[in-house]
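Participant: The listed protein sequences correspond, in order, to chains W and Y. Sequential numbering of the first sequence, starting at 301, is according to the working numbering. Sequential numbering of the second sequence, starting at 10, is according to the working numbering.
No lab work stands behind these hints, which were simulated from the structure alone. It is possible that some hints are incorrect.
[What the hints assert, rightly or not] Here are the in silico distance ranges between beta carbons for each label pair:
1) W/L415 to Y/E19: 21 to 31 Å
2) W/Q384 to Y/A10: 22 to 32 Å
3) Y/K87 to W/G303: 26 to 36 Å
4) Y/K87 to W/R315: 43 to 53 Å
5) Y/P50 to W/R322: 21 to 31 Å
6) Y/S83 to W/K314: 43 to 53 Å
7) Y/K87 to W/L355: 27 to 37 Å
8) Y/N76 to W/D363: 39 to 49 Å
Built from N, CA and C at the ideal position, the CB exists for glycine as well.
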Amino acid sequence: DTGVSQDPRHKITKRGQNVTFRCDPISEHNRLYWYRQTLGQGPEFLTYFQNEAQLEKSRLLSDRFSAERPKGSFSTLEIQRTEQGDSAMYLCASSLGAGGQETQYFGPGTRLLVL
Amino acid sequence: AQTVTQSQPEMSVQEAETVTLSCTYDTSENNYYLFWYKQPPSRQMILVIRQEAYKQQNATENRFSVNFQKAAKSFSLKISDSQLGDTAMYFCAFMKHEDRDDKIIFGKGTRLHILP
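Next up, chain Y with everything else stripped away, as it sits in the complex:
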């Protein structure tokens, strides 16, 4: 069974600072996907960034980047130049690399507050 662990329940940073959210996971699969999803207060969850395990290059999306360490089963999210709109719950998530089993397994989340 796959598990996803986020050890930081809550974090606060000042606007414009850089923040890193941690995530570790456990799986016996060799190929899989990892995601970070963002759930703003009272709004729907959206995908922030996706990483394919067989790609060594870390994914980036504008101010969002990941540090994917496959051997360590670690997948952290770095938010640069943080903005007030980044305030949200962030979920690290795992998916097998199988079309017939593409359910997402989520961690418990990290609540991120960006302070003005």
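Only chain W is shown next, with the shape it has when bound in the complex:
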């Protein structure tokens, strides 16, 4: 069973550019979550999907952020007009089902640096 994978692992971009990250969950996992982790902090929830449906978005997710999971498998997170404050580790997690009994498995993250 391959784990959650994320691509790219590192991204350096200039302020104002658009970036897109990809997350491939564990096969047949229905739930997919995005979290953001800044230096010295724990991960913070951004959004999550049940299959292809986006069920909740955090207030942290400004209108410059958009996430999709078009076929209920992989997901993309796009940030438009990046700002220096977007620099962070973006973590993806997936779980087989909903709730606390279902373990969320995390990917290695995409580290974004906005210059």
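Since the structure of chain W is already known, use the hints to place chain Y on it.
Facilitator: Chain Y alone, transformed into the frame defined by chain W:
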């Protein structure tokens, strides 16, 4: 709103010793889950242990055990016979007991160093 507080930013212990990481949380929920996650250097986060709030018995997983005090809203992690591979960032985390709201709320973490 739920909050999770870890008051120990960093700890160091000798290999084979026992170490306890502290965590307190705040919630008005009666049923919920608590977790400890481990994030090794440059590696992905993994679940260490899970506790359901309605279960009075403290969860254990091999060398890892918790002390869950619901009334005090305290959830500490004890690592026995610590090993070099336990060196990592440890996050205490909270989740509501609702399938439609199963996002994890994390504390800021405790960086644990196991010394040879």
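Participant: State for each hint whether it applies.
Facilitator: Results of checking the hints against the structure:
1. W/L415 to Y/E19: 21 to 31 Å: At roughly 29 Å between Cβ atoms, Y/E19 and W/L415 fall inside 21 to 31 Å, so the hint holds.
2. W/Q384 to Y/A10: 22 to 32 Å: 27 Å, holds
3. Y/K87 to W/G303: 26 to 36 Å: 27 Å, holds
4. Y/K87 to W/R315: 43 to 53 Å: 45 Å, holds
5. Y/P50 to W/R322: 21 to 31 Å: 24 Å, holds
6. Y/S83 to W/K314: 43 to 53 Å: Roughly 46 Å apart at Cβ, these two residues keep to the hinted range, so it holds.
7. Y/K87 to W/L355: 27 to 37 Å: 36 Å, holds
8. Y/N76 to W/D363: 39 to 49 Å: 44 Å, holds
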